[in-house]
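A.B. asks: Just need the whole structure built from these sequences, with the hints factored in.
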Amino acid sequence: MMTPAEDFLSALLRGDRRGANQLVDAALDSNPDLRSLYLDILQPAMREVGRLWQENGISVADEHLATAIAQAAMGRAFERSYVWHDRRTPTLIAACAEDERHQMGLRMLCDLLELEGWDTTYLGASVPVESLVAIVVKRKPDVVAVSATIAPHLPRVRSAVGAIRGSGLSPMPLIIIGGLAVGGDEELARRLGADLTASDASEAVRVLRDQFAQR
Amino acid sequence: MRDKEAIAVAVTKTLYDESPELIAKHGERGREKTLQDMRYNVEHLTPAVDLGDADMFAKYVKWLDDLLRARGVDTKYTRRCLEMVRDEASARYDADAAGAINDIVDVGLGEVAAA
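Heads up: the protein sequence lines correspond to chains A and B, in order. Per our numbering, residue 1 is the first one in the first sequence, and the count goes up by one each step. Per our numbering, residue 1 is the first one in the second sequence, and the count goes up by one each step.
Derived by calculation from the structure, the hints in this document are not laboratory data. We put the CB at the ideal spot given by N, CA and C, even for glycine. One should not assume that every hint holds.
Listed next, the stretches of chain A that the computed footprint assigns to chain B, with coverage defined by at least 3 CB atoms under 8 Å from CB atoms of chain B [as the list claims (entries may be wrong)]: (1) 54 to 61; (2) 146 to 157.
From the derived model, a few chain A residues whose C-beta atoms are all more than 12 Å from chain B [to be verified]: (3) N31; (4) L115; (5) D119; (6) P128; (7) S170; (8) R191.
C.D. replies: If you want it as structure tokens, here you go:
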């Protein structure tokens with residue numbers, strides 16, 4: 001008997017978008033918690049996709065197809081789960097570091113915060129520093145989240161954090177960084193200039209919830 | 001890190017000079033992929049040296065060796081490339097910086113045992 005994550009992985013590897021969506025629907029029917037769907041089904045399936053690519057079990061095209069299907073499934077799941085409400089605070093802008101293309105974790109963070117009433121602005125993959133600073137200055141969010149999956153992008157995380165801090169915004173947004181390259185390492189996060197870090201989207205929600213509960 | 005492209009090119013050239021069997025096995029496409037891999041090696045070494053984080057580079061080396069072995073590249077070539085990246089990079093810096101580069105690459109090499 002396969003786990004829901006294994007079933008979902010199997011649909012991704014078959015390139016079966018319809019099957020993946022049906023599994024998402026069934027999972028939400030039995031447990032409407034989007035966090036469980038993301039963290040217990042989609043995330044392990046996508047990590048396995050990455051591992052299979054590393055082991056030469058699937059091609060780059062297979063990996064990209066799996067990612068596209070998983071992202072479409074996330075969109076469907078989020079729209080099924082989201083309930084419109086009046087409260088739209090705090091605010092957060094989320095961006096992958098320049099050149100970073102792994103964006104699903106950051107999108108999970110935004111979706112989960114939206115369900116909690118946050119107003120998130122999700123910028124996705126590879127956001128140039130000047131562009132990020134410009135939108136941060138314009139929108140003045142409470143939090144900026146920057147993500148990097150591979151270590152060579154850490155200097156770009158540091159550049160982004162430094163540029164936001166140098167923007168003169170007042171009050172300065174809280175800056176949280178994450179992604180596999182950071183791995184929730186608080187010391188590394190401090191050295192890169194960030195206020196906060198978390199090891200995955202679920203922990204990031206907890207960390208941010210705690211920050212704003214204290215205010 | 002300085003001269004990243006020069007380091008990648010030099011290591012690729014030396015590897016293929018030392019190991020002509022690689023051309024027979026992987027062809028010219030293999031040489032191009034090796035050059036790209038050497039660029040990645042230098043790109044991964046750079047933040048590890050910058051942040052003084054040997055563990056960061058060690059994790060990469062383990063990941064890289066798993067990836068390359070799955071594609072038919074023996075660990076001995078991965079080790080040799082990393083040794084050459086270390087030597088090419090450290091030759092471009094003063095003793096302190098070169099020492100830091102050597103230490104970090106050596107911790108990485110410890111992740112992939114010699115045959």
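A.B. asks: Indicate, hint by hint, whether the structure satisfies it.
C.D. replies: So, going through the hints one by one against the coordinates:
no. : hint       : result
1   : 54 to 61   : holds (count 4)
2   : 146 to 157 : holds (count 5)
3   : N31        : holds (33 Å)
4   : L115       : holds (33 Å)
5   : D119       : holds (33 Å)
6   : P128       : holds (18 Å)
7   : S170       : holds (29 Å)
8   : R191       : violated (6 Å)
Of the hints listed earlier, the one the structure fails to meet is number 8.
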